[in-house]
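Can you build the whole structure from these sequences, using the hints too?
Residue numbers (the numbering used here), protein chains in the order written: chain U, 1 to 322; chain B, 1 to 254.
If you're looking for bench data, these hints aren't it; they were derived computationally from the structure.
Computed from a predicted structure; not experimentally measured.
All clues given are correct.
Here are some chain U residues pointing at chain B (derived, C-beta under 7 Å):
1) A62
2) L64
3) R84
4) P94
5) E96
6) S98
7) D100
8) F102
9) A112
10) G114
11) P119
We put the CB at the ideal spot given by N, CA and C, even for glycine.
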Amino acid sequence: MAGFRDAPPPRDPEPLRVDRVTKRFGGFVAVDELSLEIRPGEIFALLGPNGAGKTTLIHCIAGLARPTAGSIRVFGYDTGAEFRQTRRLVGLVPQEVSFDPFFTPHESLMIAMGLMGVPPDSARADALLSAFALDRHRDAYTRTLSGGMKRRLNVAKALVHRPRLLFLDEPTAGVDVELRKDLWGEVERLRDAGTTIILTTHYLEEAEQLADRIGVIHRGRLLMVEDRDVLMKRYQGGTLRARLDVPLDEIAHALPPGAQRIDRHQVAVSWSDPEALADAIQTLRSAGGLSDLAVEHTRLEDIFVELIANADDESNGERGTA
Amino acid sequence: MINTVGLRTLLVKEIKRFLKVWQQTVISPLMTTALYFLVFGVALGGRIDRIHGVEYIEFVIPGLIMLAMITNSFLNAASSLFQSKINGTIVDLLVSPLGTFEVLAAYVAAATVRAFLVGALVYAVAASFTGPSVNNLFWALYFGLMVSVSFSLLGLIAAIWAEKFDHLSLFPNFILTPLTFLGGVFYSIDMLPAPWDVVSKLNPILYVVNGLRYGLLGTSDVPVMSAAAAAAALATALFVIAVLLLGRGYKLRA
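Below, the structure written as structure tokens:
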């Protein structure tokens, strides 16, 4: 019984090991033999289009869904047979904002704390309310809070028991820019304090900025898992847009290979590495005098779209040959 | 390993929940039962002969207490769990390290507290008219406890199964109220013509009403041991169903 006062000690340093997990809903396969390992202390961004299986996977880990097959271990504990240990180690911020209209934010945090098996600690609840700028609404009925405040309360509720592994399922969906930045700051503070974080998001900018590693899931399968920096380097490159003093018709022969005309004075050139970019700029400068220049880098969004498109093409191809 | 802190938290939360709206959860059922008591006991009771040697106004008291306890234990568990399904806070419970028995124990205990609170208030109102009467305190408490446990379990089963408010209202409207009214609250089954006196014995509520009537007045249509066994059987059957549904996460976990 005393074991619930403190989180169980990790049996294994690895925060999460998902081993060939499948989740079926009737004939629909939401998660398809998916395996994944999460490193201690990292922020892992799980990306995927709507219905890809992100939330179902998180639900299987947190206890909201039961895997049809496979096993999941949190810090070495099995999420099925040892659910009391794993749930004490995991925090979940669900996609949907929920609140109990009968209770105030302070009461809601005290209840969330108790359900997790942590003895009530009013000072801890107050500290969380303060951290999420809800202290002025401590004793207001939760139903009177704004949407952003309710979302912040949801995040605070997931932290009451100091989870070692935190799931944020689209935590910034529908929130304003200021709150999004605040939440990002909080996520980074948690990571710095040693919490391992798994984040799903539709804002790829969020993953690009926060994540140490990125996984892309589509149709229940992991298409790719990669360090963010490696990924961005692998797909480095972009587009150079230039405005020239001289009309393009007069210097067509001197433009860099693959240059595409935008209008009479503007041209776009794709580049794949910094050297190619420098060459293209030099060529354009020599050809007709640069009056304006913009360099666009490939963004995570472009990589994501390409991966999903390739996966769909392969899937269609397989179906076509079957 | 039991999550005692979690169990206590859920229990206290559920009690606080109904006390926060005490006018609706405590006073309103008291008012309804008081009206039954005034109409059937005081106004009409004088025109009805004594039943099993007791005045009619006294005869209806145990049934009215049971009616209040059945309704309130059912509604407390059902409305709380169903609302948490609708507003999404059920997630807090499902991701917590609470086992099936702890969740059941907390909901049932909170509903039992409300049922006993309302039942005691109804008894107090009745006693102010007729004077206090307790024939056997053990049996009175036993049947009060069995009925609270049974119908809070039924409330949980209903809330787990229900997908909309209409589903939930089926239980009080089409099961609880008819069975309670036909369960000997206002009459003795000796007054029914055959075969209805026998058919009535298939109604589990008949046994708990008569069990409490024995505990308070010392009179019953059925032997108290039979009533006690029927009440225990009802509680056990509902407990097994609730454990199976909650344990499997039926309509709760995907």
